[in-house]
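Here is how the chains run, residue by residue.
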Amino acid sequence: MLIKIVNALLAVLGGVAGAVVLFYLLNKFAEILPSRWEERLKPYLFLLPAFAAIALYLIYPTIQTLVYSFANAASTQFVGFKNYSDLLTSSAFQNTLFNTLLWIIVVPAGTIVLGLMIASLADRLRPSGEKFAKTLIFLPLAIGAVGAGAIWKFIYAANPPTQHQIGLLNGIVTGFGGNPVNWLQLSSGRLNSFLLMVMLLWAQAGFAMVLLSAAIKGVPTDTLEAARLDGASEGAIFFRIVIPQIRTTLVTVFITVLIGVLKTFDIVYVMTNGNFNTNVVAVDFYNQLFTNSNAGYAAAIVVMLMIVIIPVMVYQVRQFRAEEVAR
Amino acid sequence: MRIRPTVKAAAVLGAAAALTAGCLSSGGGGGSSNTGNTITMMYGFTGNQSDDFQAVVKPWAQKNNITINFAPTADFNNLINTKVAANQLPDIAIFPQPGIMRTISATGKLADLSSVLTMSDLQSNMLPGALKAGQNDSGTQYAVLVSANVKNGVYFPKKAATAAGLTQGPQTMDQLQQLTNTIAGTGRTPWCFGIEAAAATGWPATDWVEDLMVINNGSDVYNQWVQHKIPFNDPRVLSVLNQLDQLVLANGHVNGGRNAVASNNFGTAGNPMFDNPPGCFMYRQGNFLTQAGFFPKAVLSDLDNTVGVFPMPGKTAESKPVLGGGDLAGLFSANNDSAKKVLQYLTSSEFQTAMAKKASWYLAPRKDVPLDSYPSKTSQNFAQIQNQATEWVFDGSDQMPGAVGSGSFWKEMTAWISGQEDAKTALDKIEASWPK
Amino acid sequence: MTSSGTVATPVDVGEETPYVGAKAGRGRKHDPGAKSPVWVRIVLAIICLLWIIPTFGLAVTSFRNQDAATNSGWWTSLSPSHITQFTLQNYGDIFQKASMGEAFVNSLAISVPATIIPILIAAFAAYAFTFMSFPGRDILLILIVALLVVPTQVALVPLLKIYGQLGISGTFLAIWLAHIGFGMSLAVYLIRNYMATLPKEVIESAKIDGASHFQTFWRLIVPMSTPALASFAIFQFLWVWNDLLNALIFIGPGPNQPLTVALVSLLGQQGQGWQLLTAGGLFTMILPIIVFLSLQRYFVRGLTAGSVKG
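Each protein sequence line maps, in turn, to chains A, B and C.
Each step along the first sequence adds one to the number in our numbering, with nothing skipped, and position 319 is 319.
One gets our numbering by counting positions in the second sequence from 1 and adding 1000 to each.
One gets our numbering by counting positions in the third sequence from 1 and adding 2000 to each.
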């Protein structure tokens, strides 16, 4: 126990110190060079450690995965597009893809709408009230998906009708004389997937709220005053002036949440493990890889996930370029 | 510049960190190269079972100057694969399923136990067929059963059952079906059933199917089915699902109705038996259900008087097949004397008798553990069911490849029971998922 | 140095005030002291209630005994007659049976280095991107932006193999490096965005004073970028602390397991009853909530810079 604490402390100190030394040496190295080369080389030396990390942890694995996705379960033999065609023709995987798509569409948009609503409401409170409300709503962000899973079990749990309910929703339903509902099994209309998404909305709305609230406060007063003088309604002001003004923040929030959604593993894994038609790619990937020991399918799944993300990537880059020009 | 002293300090710290990194990596332990007396043991039972297990093993290890890092995980199957992939092996693994053990034995990382253990002792003192569960297809002993379960026990509430005239278990499947119909006929619910088990949801359903398979078709057909010598979606399997449908899932036969089964936790699904009036009269589950954490406390404190058990009957009164299961210990560190010693201990009657005394859920796979070591009538009862078996088969899903045994079989049974698929589709999908 | 006055200011700008245009925006619609409409307060009160109820239910359950927790809803225990079912047993159990205490230390030992180490590395890269010009700068930056959306799952298998060869899987080192690598693109992106909003004149004047890049970085840019560094730190800390997937794969259960892994192993094939999970869950949340509450203003400031431009 003690040794772990000491180790962690040393790791922090050593890691930071090591990084300092590294950069110092890199800098020194650049300074030894003739000054023409020094200026040329220095930026790359400053970038080197960061890019080394990115290359090892993102770029190399991405390429490797691409290769594995064309190989068999044990990655010993190439099988062409077989993994892809197997997956895409299996109805289970089609369902999984569809669910993932739903998550991608619903959660970022839902988070923004919720965050925007709460932000503009809280903006009208007194500062102390605003702070309190925001803190409360922001709090779930600090709770991980495993904790969230534990929390929401007590919302969605269903016991047979003859027993007392321990899930709040069914407590309410039976309190009104209804029969308990197996919420997480309601796969028609993907209701159960939506119920799982609610958990993510609950966790992320605070994040959106805080950023959007800051952006709304940043809209210049004179613009708003001018619009008011022209007789524009509050609604018109909100949609025609505030929203366009905070567009960049909206995009930032959207993309940040989207990244979170793509990583959605824990919530589904903890709540249903993909049963009842709630599977998403990250969970499927984990199960293919570790339950089914099929590295080929697993890699193909991730590659398809990346393909889904390419439009977002392109948009992100474009957006980024536009911002840079504006700056 | 303030930077220079910083650099010196940094260099010293950097060196210190590099040195401790060495300690850190050895903290992970395990691996086939470990020869020290600190060993890692990974296993798949958690909670009270893990507590009881450690309570027995720790004092012994201390006496023998061995330090054991216990690594329990409910997600054993997935994680042992990551450990094998990363070559970061525990010294000893206790496999909850022989299937996964056999897959891993093919990598050559598991030690052949025939030179580690006294095989003749095990052969003469273990349950018939139990040693086989730890062998691969060519008969090499890679693991040995260290705890056994009886999975075909049917629990019933003694008082309520006596009042309803049920004192003795049915002798044949026909009688069981009749009994079910009689109870349902009086407007009461005969069965409780729950298959929710977090990431492992569905496994209790697979036990039911396997049990009915061996009851109806005998151990030969059962084993062929498990080894995929006959297809998974054989008509005999379909008829088993239909039988389960009639017996348990039919309208009015199960507490909460069929739709409640998939979200009802298997551990507490049987508890309505003890309500007044009882929510159901029968709950079929393994012997481990009597450990703390499942039945209500009041029931556990008076187990022998409140809970009765009968074995699932055979097709005829003479046949008494037992669907068993258990955990198998295997050795990764073939050259580690401490690990070998632990393995010898786990397979000894000394350990198994101590476990039987300590833990109500434990059943010894050795027959030389005296019956009176078991603390309650209920566990003695289970030990007897096990020892009187006319046929003893190992849990089938545990022996199938992981993709089926802890993948599609669980998932498809869940989908079938919760009404998302019909029986035939479910079986076809499992057959299709069998690795080629 | 002439600019030292400027250096301090960005750090102590008040609570939740956005970096750009804040003063102009505040109170534009309403006088801050004025009462807000009743319906606004009611709607917000309802939202707050909805947000807190799930966590509250967990908190209540964590103090109930096992029979009570599995047999009746947590809300039924709120009447005074049920006082007897409350117990501290669950908390005792999680430390004894699930070794949550040890897992807590492990979580700290994993999270702190994995949070702090990448900051410096990323800050240097961000500095180069912001204040140095070199061929390929835009391409490299765009690569970072693009990699933001690559799911980290791609890395799991290749990394497991590399770690296996190096023999470091299951150690803290393995997961530190993983989190450093996975967090790097976000770190560079966030910190660079913030640095881009810093006044260029400061750098110019430092250059004229003869300071090297290395000195400028340490003495000017790092102090001025505190909000961005802090906001990334919070982000990364929450992410690492709450991470399950990487922890399962690179560490797994055993003596080095962090809280998330210990927590899921409370739920199992042999299901243990939920009351332990609730206590464990609540215990897991305490530290991130404290970290978050005490640092939230930096969080907002660091993240909004660069995006809140209007």
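For the record, the hints were derived by calculation from the structure and aren't laboratory data.
Some hints could be false.
Short, incomplete list of chain B residues facing chain C, as computed with Cβ under 8 Å [to be verified]:
no.: 1; residue: 1042
no.: 2; residue: 1046
no.: 3; residue: 1071
no.: 4; residue: 1074
no.: 5; residue: 1088
no.: 6; residue: 1163
no.: 7; residue: 1297
Bear in mind that the values here come from a model prediction, so they are computed numbers and not experimental data.
All C-beta atoms, glycine included, are put in the ideal place defined by N, C-alpha and C.
Can the hint on residue 1046 of chain B be confirmed by a CB-to-CB distance to chain C that is less than 8 Å? 4 Å, holds
Residue 1297 of chain B as an interface hint toward chain C, with CB separation required under 8 Å: At 5 Å from the nearest chain C Cβ, residue 1297 of chain B passes the 8 Å test, so the hint holds.
Taking the closest Cβ pair, is residue 1088 of chain B under 8 Å from chain C? Cβ of residue 1088 of chain B sits 4 Å from chain C, so the hint holds.
Can we keep the residue 1071 of chain B interface hint, with Cβ of chain C closer than 8 Å? 3 Å, holds
Status of the hint placing residue 1163 of chain B at chain C (closest C-beta pair under 8 Å): Hint violated; residue 1163 of chain B Cβ to chain C Cβ min 23 Å, cut 8 Å.
Taking the least C-beta to C-beta distance, is residue 1042 of chain B closer than 8 Å to chain C? Hint holds; residue 1042 of chain B Cβ to chain C Cβ min 7 Å, cut 8 Å.
Holds or violated: residue 1074 of chain B as interface residue toward chain C, Cβ cutoff 8 Å? 3 Å, holds
Violation of the numbered hints given earlier is confined to hint 6; every other hint is satisfied by the structure.
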